[in-house]
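Enquirer: Kindly produce the complete structure, drawing on both the sequences and the hints.
Taken in order, the sequence shown gives residues 1 to 319; the numbers are from my numbering.
A hint or two may mislead.
Listed below are the simulated DSSO-like cross-link pairs for lysine-lysine, each with C-alpha atoms no more than 27 Å apart in a straight line [as the list claims (entries may be wrong)]:
1) K16 x K128
2) K16 x K114
3) K246 x K123
4) K246 x K128
5) K114 x K128
Label-pair ranges, simulated between beta-carbon atoms [claimed, not checked]:
6) G35 x S290: 38 to 46 Å
7) F287 x F19: 18 to 26 Å
8) F284 x N51: 30 to 38 Å
9) N51 x R277: 44 to 52 Å
Hints were generated in silico from the structure; no laboratory data involved.
Predicted model only: the values in this text are computed from it and were never measured.
Every residue gets a Cβ at the ideal spot worked out from N, C-alpha and C, and that includes glycine.
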Amino acid sequence: MTRVNQVDKPGQIRRKSPFWSLAGPLFGFLAIQGGVQMLLQLVIEMPYAMNGYMEAIQGKSQMTFQELMESYLQSMEPALEAVARHQVEIAAAASLCTMILTGILFVRDRRLEKVCGIVLPEKAPLRKYWTVLVFGIAGSIAATCLMAMVQLAFYDDQYQQSAQIIYSAGIAVQILGLGIVIPVAEELMFRGVLYKRFRERQGFWYSAVCSSVLFAFMHSNTTQMIYAFLLGLFLCYIYEKFGSFKAPVFLHIILNTGSVVFTELGVFTWIAGEPMRMAGAVIFGAFVCSVMFVLIQRMEGKVNSGYTDRDRDRMDMFR
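Expert: Following this line, the structure appears as structure tokens:
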């Protein structure tokens with residue numbers, strides 16, 4: 001996946017198979033994630049399945065096949081409930097396993113950039129990250145309230161079911177799984193590997209849109225897909241603006257953790273108690289995020305792509 005042609009110019013990466021350099025990591029990510037999830041679900045369901053099978057056949061030899069299957073499926077309902085209760089743990093474990101692949105690819109790609117003489121943007125100092133912190137806190141409130149308003153208006157049943165399952169886990173599990181493990185795993189794949197590999201040949205917008213579309217399709221309902229797409233664009237932007245992978249990871253963690261903590265503290269319940277209060281939270285949060293975005297956008301000397309000659313515009317397309 002990391003092989004390059006020997007005749008490439010210094011400062012450029014030309015992979016022998018551009019398609020598989022993108023599709024390979026994505027397929028591997030999906031295979032690991034799906035395989036681990038299926039395995040863990042099977043481990044949870046197995047004891048229930050064995051008990052259900054034994055109960056269905058013992059002393060019920062006169063039952064028809066259909067009745068036998070109905071009895072078995074009924075006995076499996078607790079297994080399905082157990083799987084639902086542990087969805088956060090299952091998702092976090094699967095994401096953790098994907099980091100083996102994406103972590104290796106991420107490190108190899110950064111080494112390859114050095115070997116090929118890629119001119120990378122200067123990294124922003126840590127003192128600049130307060131804007132990302134404030135953006136994440138305000139964004140978690142505004143985005144959660146806005147998604148709640150949207151799903152109430154259009155009754156996104158899938159979003160409601162997902163939210164109910166996600167927030168049924170313990171607070172420690174939510175913070176560790178939803179707030180840390182899953183964001184880091186997603187950033188390694190969609191910004192650290194895919195976006196950066198798109199960026200080897202394409203400009204910012206093409207790379208950001210393509211990687212964000214793939215990121216959006218990883219989510220299970222329309223509301224979250226729209227949110228994930230827009231978030232993906234901004235995560236790509238601050239990756240370039242801050243010149244460091246730490247920036248999108250930090251923002252993603254703050255957004256997810258903020259949503260978990262504010263939900264657990266009852267902040268969103270209090271906001272949702274009054275429609276005007278919810279609208280005000282969305283407007284105020286969006287205003288704060290806009291101010292932080294302007295401050296981030298005005299950071300000097302932190303974005304200078306070394307990949308393509310046509311894209312050395314210092315990312316001033318927002319001015």
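Enquirer: Hints first: check each against the structure and report whether it holds.
Expert: Hint-by-hint comparison with the structure:
1. K16 x K128: violated, 38 Å
2. K16 x K114: Between K16 and K114 the Cα gap is close to 18 Å, so the pair holds against 27 Å.
3. K246 x K123: holds, 10 Å
4. K246 x K128: holds, 12 Å
5. K114 x K128: holds, 25 Å
6. G35 x S290: 38 to 46 Å: holds, 42 Å
7. F287 x F19: 18 to 26 Å: violated, 43 Å
8. F284 x N51: 30 to 38 Å: violated, 53 Å
9. N51 x R277: 44 to 52 Å: Because 48 Å falls inside the window, the suggested range holds.
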